[in-house]
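Chains as they are written, first to last, in this note's numbering: chain A, 3 to 327; chain B, 3 to 327.
I should point out that these hints are in silico values taken from the structure, not numbers from a laboratory. Check before you lean on any hint, since a few could be wrong.
It does not matter which identical chain is meant; a pair holds if it fits inside one copy or across any two.
Computed cross-link-like contacts, SDA-like style, restricted to lysine to any residue with a CA-CA straight-line distance of at most 25 Å [what the hints assert, rightly or not]:
id: 1; residue 1: Lys256; residue 2: Asn186
id: 2; residue 1: Lys223; residue 2: Arg33
id: 3; residue 1: Lys12; residue 2: Pro29
id: 4; residue 1: Lys220; residue 2: Pro129
id: 5; residue 1: Lys169; residue 2: Ala37
id: 6; residue 1: Lys45; residue 2: Asp88
id: 7; residue 1: Lys164; residue 2: Val105
These numbers come from a predicted model, not from an experiment.
There are 2 protein chains.
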Amino acid sequence: MLQFATILAKERPAINRAVDSLTNSLPEHVRPAAAYALGSGGKRLRPLLVVLMARAMGCQDDGVYALGATAELFHVATLLHDDILDNADLRRGRESTHRRFGVPCTLLTADAMFSRAFQALAETGDPRCVSCLCRAVIGTVDGEIMEIDNQGRTNGLEDYYKIIEGKTAYLLRASCELGAIKANADEARIQAACDYGYNLGMAFQIVDDALDFAPSEKTGKPEGGDILEGKFTPPICYYMESLDPESRNAFRSKFAALSFSEEERAAIVEAVRANGFQERTLRLADTFLDKASNALDRIAPESSQGVRAVSVLREAVSFVRNRAS
Amino acid sequence: MLQFATILAKERPAINRAVDSLTNSLPEHVRPAAAYALGSGGKRLRPLLVVLMARAMGCQDDGVYALGATAELFHVATLLHDDILDNADLRRGRESTHRRFGVPCTLLTADAMFSRAFQALAETGDPRCVSCLCRAVIGTVDGEIMEIDNQGRTNGLEDYYKIIEGKTAYLLRASCELGAIKANADEARIQAACDYGYNLGMAFQIVDDALDFAPSEKTGKPEGGDILEGKFTPPICYYMESLDPESRNAFRSKFAALSFSEEERAAIVEAVRANGFQERTLRLADTFLDKASNALDRIAPESSQGVRAVSVLREAVSFVRNRAS
Chain A
3 MLQFATILAK ERPAINRAVD SLTNSLPEHV RPAAAYALGS GGKRLRPLLV
53 VLMARAMGCQ DDGVYALGAT AELFHVATLL HDDILDNADL RRGRESTHRR
103 FGVPCTLLTA DAMFSRAFQA LAETGDPRCV SCLCRAVIGT VDGEIMEIDN
153 QGRTNGLEDY YKIIEGKTAY LLRASCELGA IKANADEARI QAACDYGYNL
203 GMAFQIVDDA LDFAPSEKTG KPEGGDILEG KFTPPICYYM ESLDPESRNA
253 FRSKFAALSF SEEERAAIVE AVRANGFQER TLRLADTFLD KASNALDRIA
303 PESSQGVRAV SVLREAVSFV RNRAS
Chain B
3 MLQFATILAK ERPAINRAVD SLTNSLPEHV RPAAAYALGS GGKRLRPLLV
53 VLMARAMGCQ DDGVYALGAT AELFHVATLL HDDILDNADL RRGRESTHRR
103 FGVPCTLLTA DAMFSRAFQA LAETGDPRCV SCLCRAVIGT VDGEIMEIDN
153 QGRTNGLEDY YKIIEGKTAY LLRASCELGA IKANADEARI QAACDYGYNL
203 GMAFQIVDDA LDFAPSEKTG KPEGGDILEG KFTPPICYYM ESLDPESRNA
253 FRSKFAALSF SEEERAAIVE AVRANGFQER TLRLADTFLD KASNALDRIA
303 PESSQGVRAV SVLREAVSFV RNRAS
């Protein structure tokens with residue numbers, strides 16, 4: 003963990019400078035809300051993936067930071083639209099951007115952020131950079147709309163996988179792909195980068211959905227919130243499958259109507275814990291983390307800097323796994 | 003006018019096929035709302051500008067239609083976000099997309115449409131195509147936020163010009179630029195294309211703002227609606243300047259508070275008409291139309307097809323002017 007934290011601390015200032023520089027290039031009426039949203043102390047995970055993957059594949063160029071900044075703009079722009087749709091008052095512990103700047107300004111600012119990020123990618127002169135992020139944004143949106151459509155539905159895990167691909171995995175995959183493209187990697191290594199990012203993202207979201215059943219004091223979030231919101235995640239799926247047919251039908255109706263009482267929610271949380279459905283969900287995440295790890299084996303770094311970057315990317319795999327322990 | 007109408011009727015099927023093809027390439031959960039929004043019988047003005055400008059500069063390639071389709075996606079995506087912000091129930095006489103598909107799906111679908119259009123531009127392999135549309139979208143957003151910020155303000159026409167540049171002129175300019183790029187035009191002709199589109203767009207919006215004071219039976223819209231909405235347009239500016247200092251201050255306060263009564267609105271409409279402030283606004287539009295016309299003189303088409311396209315573009319100038327007569 004030490005190495006991961008060290009690298010993060012070391013790279014973050016350069017990433018933040020690149021994000022600031024991109025933000026400052028936005029026009030006058032867009033800049034304030036964008037600067038507020040981007041300055042909220044995010045982890046900068048996506049830019050870090052861009053930088054590390056490029057380094058792993060032998061890229062020495064400091065242009066990776068500017069490229070990483072675009073991934074952060076995409077990420078934060080999607081969060082701005084999400085928070086508007088969720089009517090969220092807070093983001094990362096402070097007032098959400100649309101509460102501060104109003105919905106019209108925030109909605110439009112996110113549009114400008116998308117466009118500015120695409121422009122920066124176009125300026126690299128490599129159309130693959132634009133294409134890879136376009137695919138990611140379109141996939142993200144498709145996943146988000148599918149999540150809305152599927153609220154209250156108990157359609158099995160196939161739909162769930164498609165939703166979390168969109169919500170989380172596609173942008174992490176694109177971040178890794180961007181780094182590999184920047185390093186002029188060959189097709190096989192670009193694919194390895196994509197596989198790493200995709201599987202890391204899938205695992206990240208699955209662990210998140212297992213943590214929905216962890217004690218509030220650990221996560222700072224209500225326990226079993228997904229039950230009330232009608233999000234059909236693996237622990238909920240395993241729970242439903244464990245019920246006899248009659249109880250299962252009753253569960254389905256209440257889940258569809260988003261009508262569980264506080265007591266019912268608490269009882270389901272209890273049952274998920276007692277039956278080890280959290281652990282079973284984490285084992286599911288492990289299958290994706292194993293694939294992420296295997297993808298790293300195909301990178302074969304050629305410099306000591308590359309070896310170091312791969313080892314940090316490998317630590318990120320443990321980091322995702324260990325969030326839940 | 004006959005030639006313009008003929009060309010429109012002739013080109014529209016090919017443009018619509020390209021728009022449909024781009025729409026059908028959107029993923030499953032995005033496609034229905036996008037197809038609904040794009041199928042609403044728009045004029046397809048922006049794709050037509052792409053096609054005509056490319057033809058004017060000697061491009062024979064039918065790839066212009068796909069390029070034109072991207073301009074329509076950008077335009078309609080901005081309309082979707084605008085309609086959400088304006089809480090509009092209708093668009094082009096039918097139920098607005100967010101009323102039909104819900105705000106979350108519509109807001110996100112527009113994001114996917116932006117991204118899909120950028121992707122199509124990236125696939126041309128010419129980074130100038132992406133860049134030119136990125137600049138246009140960013141400028142559009144900047145203008146829209148400025149319009150919101152300026153509501154109720156009486157800051158003079160400089161701010162007004164900046165707002166309508168964003169709202170209308172930048173995307174028309176980009177459409178013309180796209181056509182010129184597709185035709186492999188040199189810098190001077192690309193600039194001529196930009197100047198034409200920009201000035202046509204400025205004039206179009208100014209004529210629109212003059213028409214706000216035309217009789218309802220002609221426009222189908224309330225007379226002087228901009229007075230109530232706090233939009234400081236040229237006729238309103240001329241009216242305010244015609245007042246004595248005391249009345250001007252009273253006007254300013256009411257305009258800022260959006261608090262004009264029905265009777266006051268009607269009296270202002272009357273005064274604008276009686277004092278010829280509509281005609282003065284149209285003369286302002288004429289200065290932009292003259293510039294658009296001059297820009298066409300610099301295109302110097304080299305084929306009979308090019309000559310024909312330029313003459314249609316010249317008719318578009320008269321068309322904008324004649325909307326108000």
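Here is what the structure says about each hint:
When the C-alpha separation of Lys256 and Asn186 is checked against a cutoff of 25 Å, the pair qualifies neither within a copy, at 52 Å, nor between copies, at 61 Å. For the homomeric pair Lys223 and Arg33, neither the shortest alpha-carbon distance inside one copy (32 Å) nor that between copies (35 Å) is at most 25 Å. Taking CA atoms no more than 25 Å apart as the test, Lys12 paired with Pro29 passes in neither setting, with 30 Å inside one copy and 39 Å between copies. In this assembly of identical chains, Lys220 and Pro129 lie within 25 Å of each other by CA distance neither inside one copy nor across copies; the values are 44 Å within and 48 Å between.
Taking the shortest alpha-carbon separations for Lys169 and Ala37, both the intra-copy value of 24 Å and the inter-copy value of 23 Å come in at or below 25 Å. For the identical chains of this complex, Lys45 and Asp88 are intra-copy neighbours only, at 22 Å inside a copy versus 35 Å across copies, given an alpha-carbon limit of 25 Å. For the identical chains of this complex, Lys164 and Val105 are inter-copy neighbours only, at 22 Å across copies versus 29 Å inside a copy, given an alpha-carbon limit of 25 Å.
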